[in-house]
Structure formats: structure tokens, C-alpha cells
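In order, the protein sequences belong to chains V, E, Z and P.
Residue 357 is where the first sequence ends in numbering that gives the first Met the number 0, and the numbering goes up by one at each step.
Residue 149 is where the second sequence ends in numbering that gives the first Met the number 0, and the numbering goes up by one at each step.
Residue 157 is where the third sequence ends in numbering that gives the first Met the number 0, and the numbering goes up by one at each step.
Residue 377 is where the fourth sequence ends in numbering that gives the first Met the number 0, and the numbering goes up by one at each step.
Calculated from the structure, these hints are not laboratory results.
Glycine included, every Cβ here is placed at the ideal spot set by N, Cα and C.
Among the hints, a few may not be true.
Said to hold, decoys possible - Partial pick of chain P residues on the chain V-facing surface, computed with a CB cut under 10 angstroms:
(1) His27
(2) Glu43
(3) Leu133
(4) Gly134
(5) Phe136
(6) Thr137
(7) Glu198
(8) Leu200
(9) Asn204
(10) Val354
(11) Ile358
(12) Leu361
So the chains spell out like this:
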Amino acid sequence: MFSLEGITTNVQDWLLMKFNPTMALTIECVIVILLSISLFALLGLVLVLMERKVAAHIQIRLGPNRVGPGGMFQTVADTLKLIMKEGLVPDKADKFLFNLAPFVVMMVGMLLLAPIAFAKNFQIWDINIGVLYISSVSSLSVIGILMAGWASNNKYSLLGAMRSGAQIVSYELSAGFAVLTIVVLTGSLQLSEIVNAQQNGWWIFKGHIPAVIAFVLYIIAVTAETNRAPFDLAEAESELTAGFHTEYSGMRFALFFLAEYINIFIVCAIGATLFFGGWMPLHIGNWEAFNHIMDYIPSSVWFMGKTFFLIFLIMWFRWTFPRLRVDQLLNLEWKYLLPISLFNLLLVAVIAILGWHF
Amino acid sequence: MTNEEIKEYIPTLAPAATFDETGEWLNIMVTAEELKPLMSALRNGKMQMNYLFCLTCVDFKTHLTMVYHLSATTHRQSIVIKANLNREQPVIETVCDIWRTAEFLEREVFEMFGVHFTNHPDLRKLILEDDFKGYPLRKDFEDPINMIKL
Amino acid sequence: MFLKEYITDVVTGVTSLLKGMRKTGYYFTHPKEIITEQYPDNRATLLLSDRFKGEVVMPHDANNEHTCTGCTACELACPNGTIKVVTKFETSPEGKKKKAIDTLVYRLELCTMCNLCIVACPSDAIKMAPNFEHSVFDRTKLTKVLNQPGSKIREGIE
Amino acid sequence: MYNQTEIIKDTSELGADGELVINMGPQHPATHGVLHLVVTLNGETIKKIEPHLGYIHRSIEKMCESLTYRQFIYVTSRMDYLSSHINNLGCALLIEKGMQIEVPDRAKYIRVILSELTRIASHELWLGAMAMDLGAFTPFFYAFREREMITDIMEDTCGARLTMNYIVPGGLMYDLHPDFQKKVKAFITQFKSKVTEYEDLVTNNIIFQSRTKGVGILSAEDAISYGCTGPVARASGVSCDIRKIYPYEVYDKVEFDEVLETAGDSFARYMVRVKEMNQSIRIIEQLIDNIPEGDFVGKTKNVLKLPKGEFYTRVETARGEFGVYIVSEGGTTPHRIKFRSPGFSNLSVLNHIAVGGMIGDLMASMGTLDLVIPDIDR
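Excised from the complex, chain V in its bound form (with noise of 0.2 angstroms):
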């Protein structure tokens, strides 16, 4: 069967015979850097095409149709547009953080990728306070967007990073709570333990509906944390005109559009490990032939299916929605996320106690 965990064993044993072990470490090294960066590059040109074509059908239109078949080079050809803009910097920003801010945000989505397990056995960096680091690293990125905002010198951007910088504080919360019901099931902060735990079912099915309830709240914070509609304050075109990055043109502004992008992943990768068992196959009980045909499926495939499906599901919400207020906006996290994902997590605690889950 076709397994990525082969091919990873294999680089590692062929490096070691050739190279020494500090040499081979910095080889593997370089190697992780330039997948990473491609699955970034690769990812912001899908997932762009994947909204607008989203979009598109929601809205009754086609979408890009003209580069490419089916439009599928559209996103290629705005990149190279984008890379061809000249990059303007206003007069009176603040040069030296106005050229950070996009690298930034980008680095937040970078580091982010580490814990992430793509596949059975493929993952970059298996800590085992994997999701203790990916909930700290995350809220980093809204330095970056108030930064952004700040060294812009416009008054627009800087009302955008304020709502952000809000937004983004007070969403972590709940989308910690939600995350904290998994770790209180599996009873481990590690990545791999916590995929190993939705052997016999995910947790979606396994945890009752406390854990379909953990499910909507993480999903409308990180909604939010990732700056959507229908939460998309800091950007909210029709009253900021483009929020935070109003200022930025040409590659600056392709860095912000990619980190958008990869956040949308990330934050559904790791929603799809927590509660859909990231890389395992769909198990039922004892039907044995199934499960038997779900394990020929290859795990990265599994995994990459429900991310997919999350981001789906979140395009589906942008696309449907109207944007909130900024007062609703914290409305709803202090006065319904957060009492509900406290409840819910005490509710999963008992379950996890009395050992009522499957």
C-alpha cells in the first residue's frame, strides 16, 4: 500500500549511509523548508481557486473560466500579476514594520505547519504539547495585522487591526475551550496521540454531542480568528474599504492573501485532526469488509479529504452570510461562545470521568 511513512524512512536511512548523522539532520532540514514553502505556494493557488469557484456557484456565476481549462491556471496568473506590481509603500508609514508585517503573519502560518501530522506518521515536528503550542502560536498573528495597520499610517487600517486585534483576543478563548474537550477525551496534548486515540471512531462520533457542539464552537471561532466573513471586521470591505492591508499592493499584499489562505488550512487541518481523526480511515464498529476497504484508502488522502471539507465549510459560511457588527461580534463570543464552550467543557470532563464515550 502506498505510504508516505515509507518514503520519509527511506530518505532518513539513505542520508544517515551517506552523510554523517549533524549533516543528514541539516539536509532533511533544507528538504522540509522547500516542501513546506511549496505547500504554500501550492496551497494558496488551490485554495484561492477553490473559493472563487466556490463562490461562484453559490452566487450562480462560472467563476474563472478563460485561463486555462476550467480556469485552472487563474490563480498562477494572478500570482504572476501580483509579483509583477510594483509594491508602493505611502509615504508616511512606518517603512521598517510596514515591510515586516506581511512576513509576519506569513511566519505565524509557517510555524504553524510543524506539529501538523499530514499523513500516518508524516509530520514535521511531533511535540508533545502539540496543541498547547499551536493555540499560542496562532494568536502571534495579530501582531502582524496590527502592525500592518499601525505602520500603514491610514486611518482605515488602523480601525481594521483594532477590531482585529479584539476580535482575534477574545475568539482564542473559545477556540481553546474547544480544543481543551479533545484533550480532556484523549487525556494527551500530543498531535499523534490524539489521531492514535480516533482509532476505533473519531471523536466526533465517539464524544456525544458535547463533542458535536465543540465541533460549531471551534469552527465559528477559528472562523473568526482567521478574519471571515461572516467575521471578517478587519477587512470589512464595504466599510473599511479593505481593513488592515488598505495600503499594501503587488507581493506584500500576495503574502497578507496567502496567509489567509494558509490560516483557513491550518486552522482546518487541525480541526479535521481533533475531531475528525486527522489521517484515520472512516471505521464502523465491526463491519469488517468496510473498514477493511477504508484502509486502502492512503491516509494522506483521508486527511487532506476532511480538511478540505472544513474549508468548504467555511467557504460556504463567507458566502452566505452577512457580516456582524463589531459590538455583535463581542457579543457573541463573551455572551454565548464562551458560557456554552465552559459548559460544554465541564460537561466533557464528567463524560471523560465516568467514561461514557465509546
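Since chain V is already given, all that's left is putting chains E, Z and P on it; use the hints.
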């Protein structure tokens, strides 16, 4: 109120008023000084003219005429109040404390005809550039660059 | 009771959102509903109404004859000065002088397609054509002469 | 207009005590055209809104002074371009009133049907654009799908999709397209089946409701004092439908309700427009099968001369009361012409209703006022 009743009522408020019934509605011509008290009385008195639906100015080459179209949402009677102004120095008191809609309409008349409204809270140009010279809707306005004579 | 209100709030809110998602989901899964018209590709099948006011044209028949008498009614009717009729005097074989058009200059860039000239024309010499692809690189190309070179007025039109 | 340095100067003066002054427009995604609002903010809360107009001022009133009574009608299509047909109708009505031109019944019926179609088209566009202002992009396309059917009908019959110029003094420019009735009926069926979509996507949506309910409240007294008309005033409970109060054409022969709401907030304004679309459908349904046969244009003189005097007519456009005021000296062109545009008065209320709200509320208020900038600037 019928036109006859109005004709008896108005002179108690504005003695110099003259009437003209040729058009669709009763036209009342008053002097610029009498206008403001008359308007207040029309709005708050027994006529209850609470709806100013058109405020404009007409340039008759010899003089300017302010035209106020009034109506009431209760009894739906419309009257027209007019006041002649001196073309060289057109000054009239504002009515925008009586009808809020007059604020913008008077600003428009101010820049298009040069009528100065005393006591207007914010008499600035609304549509034209701040340094625009001349009053475009007056008949003698000439703009050789932008106006094309057919 | 507070709790009950709270829960009904959440439930009604979520159902209203789900209803919206069902609608958009329906359109996502029904590509037949797509209404996009792929314009330059569908040029062959693109049907414009025959009344569509695209530009003023002067129909000529097979003998290169039109029905314009040069009465300048269209020129007078036009609010924008779009049409300019240049007349000349033709001498008929019997030696009678007759007014006829030399050129009928039509400036598309000034035209607002108000149709007043067509209504004004007493001899139906001009009409609106459903052409809409008017863009050119040079504005002077929009000034057109409507009567074809060498054309003359049809017999019997006064 | 204000030039760049002046804007900066203004900003520093106004924003002295911790206030933020932002120039919303003339290029801004939510101002639908070239409306320029100078918004003074305290954090997210709006302190003051000051509209700067004139970016699309064409001085139509001055222009009309040099056009004859036949010619000037077409210019009015360019004012409120979404209800161009109704604007034309207002002008034609004035000339017919002034010159006592008899209009055939057929023309009257067709004019009313087209006016109501125009009203639906305008409200459809507004619905989509307002949902877009509030961040929902999808209803825009659904609304435009229905609007497209109307523009197709207009194209068939009038020859243009937006600025029809189908009305001439005395009647219509030409007769109906043979397919007109069939197409209008097809549209009515389609509209009725799709109108529930807006309810699912917009009206009943909890986010939309919380964005618009209680936002931008306009009391009935203020609505009258500010001269608001149309759906804006009717949402505050002010009965001001010209079609009911001063019926013109055949509006006194058809049955329809004047839609009134009492809340006066953005949601009420939204509901008024949505319900008005249904009333327009009702009017069209009553008339579409009963268009009398006969002439489509009455007898008029070749050169129109309005008698000396003053004339005023008003019609109900999609945005409110549109008034035409003509002072005639007896010649072939008007001496002075004044258009009372509904958008101008509706805009003046913006500062009143949006102050104290947030930027998001401004979008809701502005969206439901349904401003068309050429209508304001003229």
C-alpha cells in the same frame, strides 16, 4: 381651508401679501422681511404646514424670486409662498429652523443663485468647489469653456 | 426563564442561519441554475431585441438609394447636436433645382440613443440598429457619415 | 471639490480632541457612486457626518433651460437612473397638464405597468446592493437575476435597458412589443417563486436582523421635517405615497396598499421595500390583461409651447416623491426648471440618523436610505 379662507387668514400675518390663483395652487407673494414670521405661523399655527416639499429660486432677470412649496401631511393642502429679492444683494432669512430639509436646499440655492440666508447654521457651498466664482443658475452666468451653446 | 429565552435565542438564530445555508447549498449543488453568459463566445447566439437602440443607421436598398430628403428634422430634434445634415442642390435633368443631402454626419460619441431623431424623421430615412460593440481606439472614428458614397434619394420621396 | 491639502487641513482641525476624521468616498465600496462623506469618529462611534456633494453634478436644471419640451425629457433619465422611466413620466405629465394634452388610455396603462416594473427593478438592485453593504455578497446575484428579466422586457419594448426614454408628451414613443404580456407574466411567476429566497437569505437571517433592527431610527416628525419621502418616510409611519394621495394615470383604478411600517429603523425601511415589490406585482397583475386597444400616442402639436405660468407635478419614484417645477415664459424652452429629487432630502437625514451609531450602522442606514448619487447631485 379653502383658498378664500386662506386669503383672509394670511393678511393677518403678512399685511403686504398679494395673491395669485392662476396656477394649480394658491400663490402668495410676500416681502422678504415678512417671510420668516409668516412661515413660523404657517408651520405652528392653525395651518400646520409641516412639509416643505420644494424650495427653490427663480431668476427673472430683473429680480430673484424665492419659491417655497408648502404642504401639510394632515389635510394635504398645498400653497406656494413667494418672495421677491433684490438681484444685486439677495438676502432672506433662513427657514431651516422650521423645516430641517431647508438646510440643504438653502445651501443649494445659495451657491446656485447667490441668495444669502441669514441665520443659516452652515451656509457653505454644497455642490460646487469652494473657490467657484459666479452663480451658475442665474440667467447671466457665462462659462465659455464648459457651456456649449447649441 | 432566562435560561429558556437564552436557549430559544440560540436555537432560532442557528436555524435561521442554517436555512440560509440550505439555500446557497442548493445553488452550489445545482449547476443548471447558473446564469452566466460567456459574452464573446456566445456572439453567434446572442439575441438582442430588434428594438435595441444601439446606433443610428440609414438603410440603403439594393440600388444604393435612401429616403432622406435632407429636411433637417432630425438635426432639430436632437438634444445634443449629434446629427449634422449637409445639403446640396442637385439639378434634375429637367433643369429643376432640388435639395438633397450631401452628407449626414452622425457623431456617435455624442449620441444618447434617445430616439427623438427617428421619431422626428418624416420619411423614415434613419433608424436605430441593435449594434452595441462600438469601441474603437480613436475617437474620430465615431464620427460617421450615414449615407453611403454615391447614394441618392429614392424616386418618389419628397 | 475639496482638494487634497484642504482635506488634510480639515482633518487636523476637526480631529483635535481624539476624534478620527475619515473621508468615506468619493471612492468607497459602500457609497455606490461618488458620494463623499466626511465622517467624524470617536473610536467606532460616529460623531458627525458631513456629505460633500457635486462629484457628478451635471447641472441638469441649467441644461434643460436650453432644451425644448420634447428634448428635455430624456435628460431626466440620467438623474435617478434606476427609476428613469418614472422620471420621464413626471416630466411628460407636467407637459400634458400644462398643455391639456389628452393621453389615450392604452398609453396610461402601459406607463403604469412600466413604472411598476421599474420600481421592482430598482428595489431589486437596492436589495442586492444593501445586502452587499452588510457583507452578504450572494443575494446580490440572486436579486440581479430577477432584475435581468425586467431589463430584458425593457429592452424589448423600449429599446434600452436603463435609460429608456420611452415616454413622449401625449403618450409613448412606440407601441408595446408583441411579446410584452407573455414576458411580464413569466417574470411575475419567476419573481413569486424566488421571493422566498430573500426571506431565507436576508430577511430572516439573525445576523441581518441584528444589524438592522433598531439602527438608524427616524421618527415620523423628523421624517416630515427633513422632507423624507418614499420608503424612508413610510417606514416611519408617514403616509406619503403620491400614487395614493394624488393619483396620476390609472393608479386610482387599481387596488394596492400603501405599505407602512412604524418602527422607522433600517429593518422597517427594508421591509417596506420588500413589501412594495409585492404591491407592484399586484398592480401589474391587475393591469397586464386589461390593456385597452387603441392609440398609444395622443394628438400633439409639432412644436410644444407651455403657456406662461408655473407648473408642478409629482410622481412616486422608487425613492420617493419626484417633483418637477417649471416656470414658463411661454416659449419653446422652460425659463426655469427645478427637479425636486427624493434622494436629496433623504440624504440630508443621514447625519441625523447615523450619529451615535457605529461604522457598521452607518452602512445599514445608508444602504436603506437607498441613495442614488446622480439623483442627489443632478
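Going through the hints against the structure:
At a threshold of 10 angstroms, the smallest CB-CB gap from His27(P) to chain V is about 6 angstroms, leaving the interface hint in force. A distance limit of 10 angstroms between C-beta atoms decides the matter here; for Glu43(P) the minimum to chain V is near 6 angstroms, and the interface restraint holds. Look at Leu133(P): its Cβ gets to within about 4 angstroms of chain V, closer than 10 angstroms, so that hint holds up. Annotation: Gly134(P) was flagged as interfacial toward chain V, and the flag holds, the nearest CB pair being 3 angstroms apart, inside 10 angstroms.
Interface hint at Phe136(P): satisfied, since its Cβ lies 6 angstroms from the closest Cβ of chain V, which is below the 10 angstroms cut-off. A cut of 10 angstroms between beta carbons decides the hint on Thr137(P): the least distance to chain V is about 5 angstroms, and the hint holds. Of the supplied interface hints, the one on Glu198(P) is violated, with its beta-carbon coming no nearer than about 14 angstroms to a beta-carbon of chain V, more than 10 angstroms. Taking 10 angstroms as the C-beta cut-off, the interface hint given for Leu200(P) holds, the closest approach to chain V being about 7 angstroms.
Hint on Asn204(P) holds. Least Cβ distance to chain V is approximately 7 angstroms, under the 10 angstroms limit. For the restraint placing Val354(P) at the interface with chain V, the shortest Cβ-Cβ distance is roughly 16 angstroms, beyond the 10 angstroms limit, so the hint is violated. With 10 angstroms as the threshold, the beta carbon of Ile358(P) comes within range of chain V, its nearest partner Cβ sitting at about 5 angstroms, so the hint holds. At a threshold of 10 angstroms, the smallest CB-CB gap from Leu361(P) to chain V is about 8 angstroms, leaving the interface hint in force.
Comparing the model with each earlier hint shows violations of hints 7, 10; every other hint is respected.
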